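K.L.:
These are the residues of each chain, in order.
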Amino acid sequence: EAQVTQNPRYLITVTGKKLTVTCSQNMNHEYMSWYRQDPGLGLRQIYYSMNVEVTDKGDVPEGYKVSRKEKRNFPLILESPSPNQTSLYFCASSLGKTQYFGPGTRLLVL
Amino acid sequence: AQTVTQSQPEMSVQEAETVTLSCTYDTSESDYYLFWYKQPPSRQMILVIRQEAYKQQNATENRFSVNFQKAAKSFSLKISDSQLGDAAMYFCAYRRPDKIIFGKGTRLHILP
Chain G
66 EAQVTQNPRY LITVTGKKLT VTCSQNMNHE YMSWYRQDPG LGLRQIYYSM NVEVTDKGDV
126 PEGYKVSRKE KRNFPLILES PSPNQTSLYF CASSLGKTQY FGPGTRLLVL
Chain V
934 AQTVTQSQPE MSVQEAETVT LSCTYDTSES DYYLFWYKQP PSRQMILVIR QEAYKQQNAT
994 ENRFSVNFQK AAKSFSLKIS DSQLGDAAMY FCAYRRPDKI IFGKGTRLHI LP
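Protein chains in written order, with our numbering: chain G, 66 to 175; chain V, 934 to 1045.
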């Protein structure tokens, strides 16, 4: 089944404790992206990747890192999480014009 | 800069009735894509409908259709015969090569 998977789906952590949210797609898509969703703000892009080893900042990259060492995986790294990074995170991938979204990761930073 | 505006934060419609969600966008591009996504309580992002800007014909998917007015930069979503399962947050989105830009969403309530 073609899909985008994210892990974990739910995470509670404390300020400053490094964490990684994984994203994987099995559709051989070149483009992958991370978004965060906050109430009243819609979805905002954090980082995106046009292909392996090609990443670029989106609208809200501060406090986040990404890597794209292989086509199927695009992890999101929070080196030192802060409470303002509490949010719902979505990974997405696409080959053509339509993006396919993962199920979301709900993160709470205390 | 491209922006997407959804002017209705919340709407309600009676079951079986028709409702239209509005969306306007701003762009200087001539070729682009527009989308409506549905986000039910499960939080999953589900593609509802897609419109290519170069196509004059409005896209239709079963009970969902759009009214695409390119000159006015308007892209409204019409839901016919509303069902309880249509209750969700709906996001209008504009696609450019590197990203999708989302509106802030319209929460749709279906009244039984």
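Hints may contain errors.
Here are the computed distance ranges between Cβ atoms for each label pair [to be verified]:
{"hint": "1", "chain 1": "G", "residue 1": "S147", "chain 2": "V", "residue 2": "E948", "range": "32 to 38 Å"}
{"hint": "2", "chain 1": "G", "residue 1": "E135", "chain 2": "V", "residue 2": "P1045", "range": "47 to 53 Å"}
{"hint": "3", "chain 1": "V", "residue 1": "I979", "chain 2": "G", "residue 2": "E135", "range": "42 to 48 Å"}
{"hint": "4", "chain 1": "V", "residue 1": "P1045", "chain 2": "G", "residue 2": "G161", "range": "34 to 40 Å"}
Think about it this way: if two alpha-carbon atoms lie no more than 27 Å apart in a straight line, the pair counts; the simulated DSSO-like pairs of lysine-lysine are [as the list claims (entries may be wrong)]:
{"hint": "5", "chain 1": "G", "residue 1": "K122", "chain 2": "G", "residue 2": "K83"}
{"hint": "6", "chain 1": "V", "residue 1": "K1037", "chain 2": "G", "residue 2": "K162"}
{"hint": "7", "chain 1": "G", "residue 1": "K162", "chain 2": "V", "residue 2": "K1003"}
{"hint": "8", "chain 1": "G", "residue 1": "K162", "chain 2": "G", "residue 2": "K122"}
{"hint": "9", "chain 1": "V", "residue 1": "K1037", "chain 2": "V", "residue 2": "K1006"}
{"hint": "10", "chain 1": "G", "residue 1": "K83", "chain 2": "G", "residue 2": "K162"}
{"hint": "11", "chain 1": "G", "residue 1": "K83", "chain 2": "V", "residue 2": "K988"}
{"hint": "12", "chain 1": "V", "residue 1": "K1006", "chain 2": "G", "residue 2": "K162"}
{"hint": "13", "chain 1": "G", "residue 1": "K82", "chain 2": "G", "residue 2": "K134"}
{"hint": "14", "chain 1": "V", "residue 1": "K1037", "chain 2": "V", "residue 2": "K1003"}
{"hint": "15", "chain 1": "V", "residue 1": "K1037", "chain 2": "G", "residue 2": "K122"}
{"hint": "16", "chain 1": "G", "residue 1": "K162", "chain 2": "G", "residue 2": "K130"}
{"hint": "17", "chain 1": "V", "residue 1": "K1037", "chain 2": "G", "residue 2": "K130"}
{"hint": "18", "chain 1": "V", "residue 1": "K988", "chain 2": "G", "residue 2": "K162"}
{"hint": "19", "chain 1": "V", "residue 1": "K1011", "chain 2": "V", "residue 2": "K988"}
{"hint": "20", "chain 1": "V", "residue 1": "K988", "chain 2": "V", "residue 2": "K1006"}
{"hint": "21", "chain 1": "G", "residue 1": "K134", "chain 2": "G", "residue 2": "K162"}
Please keep in mind that the hints were generated in silico from the structure rather than gathered at the bench.
Predicted, not measured: the structure shown is a model, and the values here were computed from it.
Each residue gets a CB set at the ideal place from its N, CA and C atoms; glycine is no exception.
K.L.:
Each hint: holds or not?
P.N.:
To see whether the hints hold, each was checked on the structure:
1. G:S147 / V:E948: 32 to 38 Å: At 44 Å between Cβs, range violated.
2. G:E135 / V:P1045: 47 to 53 Å: Distance hint for E135 of chain G, P1045 of chain V holds at roughly 49 Å.
3. V:I979 / G:E135: 42 to 48 Å: 27 Å, violated
4. V:P1045 / G:G161: 34 to 40 Å: 39 Å, holds
5. G:K122 / G:K83: 20 Å, holds
6. V:K1037 / G:K162: Distance ~21 Å between K1037 of chain V and K162 of chain G Cα, so the pair holds.
7. G:K162 / V:K1003: Holds, because 18 Å separates the two Cα atoms, which is no more than 27 Å.
8. G:K162 / G:K122: The given pair, whose Cα atoms are some 20 Å apart, holds under the 27 Å limit.
9. V:K1037 / V:K1006: 17 Å, holds
10. G:K83 / G:K162: This hinted pair is violated, its Cα atoms lying about 34 Å apart.
11. G:K83 / V:K988: 47 Å, violated
12. V:K1006 / G:K162: Satisfied, since the Cα-Cα distance of roughly 19 Å is no more than 27 Å.
13. G:K82 / G:K134: Within the cut-off at roughly 23 Å; holds.
14. V:K1037 / V:K1003: 21 Å, holds
15. V:K1037 / G:K122: Distance of about 21 Å is within 27 Å: holds.
16. G:K162 / G:K130: 25 Å, holds
17. V:K1037 / G:K130: 25 Å, holds
18. V:K988 / G:K162: 14 Å, holds
19. V:K1011 / V:K988: It holds: about 18 Å lies between the C-alpha atoms, which stays within 27 Å.
20. V:K988 / V:K1006: 14 Å, holds
21. G:K134 / G:K162: 23 Å, holds
Hints 1, 3, 10 and 11, counting from the list given before, are not met by this structure.
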